[in-house]
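> Hey, can you work out the whole structure from these sequences and the hints?
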Amino acid sequence: MMKKNDNDDIDQSSAPLIEHLAELRNRLIKSVVAFAICMILSFTIATPIFNFLANPIVNILKLNGQAPDLIFTGLQQGFMVNIRISLFGGFILSFPYISLQMWKFVAPGLYKDEKELFYLFDCFSLLFLLGASFSFYIVMPLAFDFFWDFNKITKIFLT
Numbered sequence: 001m002m003k004k005n006d007n008d009d010i011d012q013s014s015a016p017l018i019e020h021l022a023e024l025r026n027r028l029i030k031s032v033v034a035f036a037i038c039m040i041l042s043f044t045i046a047t048p049i050f051n052f053l054a055n056p057i058v059n060i061l062k063l064n065g066q067a068p069d070l071i072f073t074g075l076q077q078g079f080m081v082n083i084r085i086s087l088f089g090g091f092i093l094s095f096p097y098i099s100l101q102m103w104k105f106v107a108p109g110l111y112k113d114e115k116e117l118f119y120l121f122d123c124f125s126l127l128f129l130l131g132a133s134f135s136f137y138i139v140m141p142l143a144f145d146f147f148w149d150f151n152k153i154t155k156i157f158l159t
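For the record, in the sequence shown the residue sitting at position 147 is 147 according to the numbering used here, with numbers rising by one throughout.
Hints are not guaranteed to be accurate.
[As the list claims (entries may be wrong)] With a straight-line Cα cutoff of 30 Å, these simulated BS3-like cross-link-like pairs (lysine-lysine) come out:
no. : residue 1 : residue 2
1   : LYS30     : LYS152
2   : LYS104    : LYS115
3   : LYS30     : LYS112
4   : LYS30     : LYS104
5   : LYS115    : LYS30
6   : LYS155    : LYS30
Hints listed in this document are in silico derivations from the structure and should not be mistaken for laboratory results.
Take a look at the structure:
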């Protein structure tokens, strides 16, 4: 009976430490550049994204007879909201590319069965997106209605 060598399952990549560090550096640079490009792209469309995200509270305000105007209380807040939207948007848009770079760096050192487990990561990403959509479209409107009605009972109003 032939004994299976544990190293048979690992891709042959016996690069010295300096080469691994250089590859890590290149993959990190590619990821940062992708994030920066996606962040700039998100900044150009930050206002429509803000309007989409603010739409549930604006609708609740309209339905209850209040002005649907959202205000900023500080001079820099409008700019900072756009920066935050672009940071999150840049991360969300660049995440597939960043995870691909991470996979290309880590995959050569994994066993075949470990690589198969890594594919579950794709399923979990899809489940996260489904959960976030469920929260935004189903849970958030119900929560807004509940809190609005609760505030009416306790005579607390938004100003």
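> All hints, please: hold or fail.
Hint by hint, here is what the structure shows:
| no. | hint | in the structure |
| --- | --- | --- |
| 1 | LYS30 to LYS152 | violated, 52 Å |
| 2 | LYS104 to LYS115 | holds, 11 Å |
| 3 | LYS30 to LYS112 | holds, 26 Å |
| 4 | LYS30 to LYS104 | holds, 12 Å |
| 5 | LYS115 to LYS30 | holds, 23 Å |
| 6 | LYS155 to LYS30 | violated, 54 Å |
Going down the numbered hints, you'll see the structure goes against 1 and 6, while the others check out.
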